[in-house]
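Position chain B relative to chain A; hints supplied.
2 protein chains.
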Amino acid sequence: MVLSAVSTKDRNKALLAMADSLLKNLRYILLCNARDVSRAKKKGTSGPFIDRLSLTNERIKGMVESLRSVAALKDPVGEIIKEWKRPNGLLIKKVRVPIGVIGIIYEARPNVTSDCAGLCLKSGNACVLRGGSDSISSNLAIHEVITKDLERFGIPKAAVSIIDVKERRAVDFLLSAPEFVDLIIPRGGEGLIRHVAGISRIPVIKHYKGVCHLYIDKYADLKKALSITLNAKVQRPGVCNAIETLLVHKDIAKAFLPKAAHALKEAKVELRGCPKTRQILKGIKGAVEKDWYAEYLALILAVKVVDDVQEAIRFINRYGSSHSDAIITKNKKIADEFLKGVDSACVYLNASTRFTDGYQFGLGAEIGISTDKIHARGPMALEEITSYKYLVLGSGQIRT
Amino acid sequence: MVLSAVSTKDRNKALLAMADSLLKNLRYILLCNARDVSRAKKKGTSGPFIDRLSLTNERIKGMVESLRSVAALKDPVGEIIKEWKRPNGLLIKKVRVPIGVIGIIYEARPNVTSDCAGLCLKSGNACVLRGGSDSISSNLAIHEVITKDLERFGIPKAAVSIIDVKERRAVDFLLSAPEFVDLIIPRGGEGLIRHVAGISRIPVIKHYKGVCHLYIDKYADLKKALSITLNAKVQRPGVCNAIETLLVHKDIAKAFLPKAAHALKEAKVELRGCPKTRQILKGIKGAVEKDWYAEYLALILAVKVVDDVQEAIRFINRYGSSHSDAIITKNKKIADEFLKGVDSACVYLNASTRFTDGYQFGLGAEIGISTDKIHARGPMALEEITSYKYLVLGSGQIRT
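Protein sequence lines correspond, in order, to chains A and B. Counting from 192, one number per residue, gives the positions in the first sequence under my numbering. Counting from 192, one number per residue, gives the positions in the second sequence under my numbering.
Just chain A, with the same shape it has in the complex (with noise of 0.2 Å):
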């Protein structure tokens, strides 16, 4: 309640202070994370998992344009949703408030501390940041430098909190208080948000994970499909919203898989197919029941022949995450068919699934991408971590 009483304006300020300490203490956050990165090496830790870790000018200068960007956006706190007039006269205001205090709990990407801290703030939420304990120089640095002059805003301190100590009990604890937290946003691997979700007594939006499918209709442009597919499958393996499993309409699979599949070769990714694409596409691994549940995040694309857009959508309903889904095809009612069929947060006609993400979306921001029903749904922004409370403006009126 403390910070949805400082000013947009206020808070504008605030995020562009955090901007520029950062930028100011550059060379002190290199130094934290330096110690972090020795530390993570001497353990063994894999060449991934450093690269996330590790902060460089570059990417420091990416968290500082990022809260700049945050505190050009416009305040979501205060718009009227919605209002209407009773009948005995009462005006009824459905208005957005902050939430409260939201838990962030990551991995080891130091960034995501300035980033979360940034558009909490924003949307006048407390936070408290949790990230993971191999990054823990790196974070403490960064929020110390962003919480600096929070103060001279009206802001207080404990309104960016973080976590300081390494054991995981300490999660735990945040977990367990529900009446400290009011909402939980985990960001990581599907490990660390299965525990999480697992334990916590607070809500959490989530998605665990990212199974994506992209369906090749008998009406499909192919040179579009094709474009589309590599798009999905390549141009960034290793996140959420890349496909992971093709389904081709078998009237078109005999047109679109060799295709297809020399393209992909091309680019390196390697095809597990059902055995009636393995009959087109001979020499290929076979994929078996678990491929149609695995979330690759690499080179691997799993390729099922189906009969109809029927059983595409039973088959990404049954096997897919409900994260993002697209159908390629120029035939109108079976595109509807899809896109009211399909269970996922976002479904795409004719488009590649790599745009499920706040800034491709025009959100402005991303806090992380949901795949619950319920509070928000696929890409989060400012406006998903809201709530609202309603205004009821009478004049004397009372129930009869």
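Do not rely on the hints blindly, as some may be mistaken.
No distinction is drawn between identical chains; accordingly, a pair holds when it is met within one copy or between any pair of copies.
[As the list claims (entries may be wrong)] Dumping the calculated SDA-like pairs for lysine to any residue here, alpha-carbon to alpha-carbon at most 20 Å:
1. 400 with 240
2. 284 with 272
3. 445 with 475
4. 285 with 577
Derived from the structure by calculation, the hints contain no laboratory data.
For chain B alone, kept in the frame of chain A given last:
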């Protein structure tokens, strides 16, 4: 997903058929209800409990009416909440969809069985109903009667399910199955709701209790203040939106309190005052700390004199239950301070808190009231038991 494929028309026809079937089987339901009531009486259950458990011709007709009015409401499913075009030509539509499966856990009030089944069906959600074990014969009879004709409209019977065993373990099992149920709405007393929220692995939307406040400001219209005080306390003291605490500005206390006390005494309301109140209203009982937290649900009112609106706001945010709180004032600045500062689902200006209700708000229904800030807050009707998905319509867009 099965239910959302059923057309609006067929869902409405099914609701009307449910209503007709209730009416046709009125005697059967009364018979089953009589068994519940006689069992409860033998156990020596309290009068108000028996009253809530008992069905009459009148009450069943109320349930029939409720189903018919829900059939007449606008279908929330499929509504385009928002749509916008991106610079790359992608058209993004945010479309309202059902949540999926909603578990309703309630006390021995048989009418909730058909009321909630109707609201879930209308909004395309399947439901799992679990009423208090003392009303099991009534609930099973109502369930049998309302699901009889569902299949005629393409709706599987399982879309309206009921847990037909008496053991409490059944609830615990339901609450531990997030893979089958998407949302839990508990309806009943604080004990039931705390039990549910304490063990659920599924998101719960709830309010524990209604400790509502009325603050009479220094600039109040005293006539309105008096009529709203009486209405908010006396019109129906046993409900969650009745007030439990009256706050009065110190400068107006001497003018207002004696009048209010007189009228409240006539209405048989017992007052419990803070020391300053007791200087004005000699002889009333003193309020202790516990009183400020109390949800009396009875003709008892705690009274406190406060220094100003800021003290009133702090007091409400500390002792209230974030449900419904009101200010009576003619001063716009003070009104705005209160409306902004009180962190409750519904904040009133110059009106009775008794309006916190789906019907009074004009929502046409009410499946519960939430004091949470995730997903839904305040009175919940059809929209509040929906989610959304994004449809992203392209013409070959890929991400670069």
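Hint-by-hint comparison with the structure:
1. 400 with 240: within (18 Å within a copy, 47 Å between copies)
2. 284 with 272: both (8 Å within a copy, 18 Å between copies)
3. 445 with 475: within (15 Å within a copy, 89 Å between copies)
4. 285 with 577: both (12 Å within a copy, 17 Å between copies)
Every hint from the earlier list agrees with this structure, and none is contradicted.
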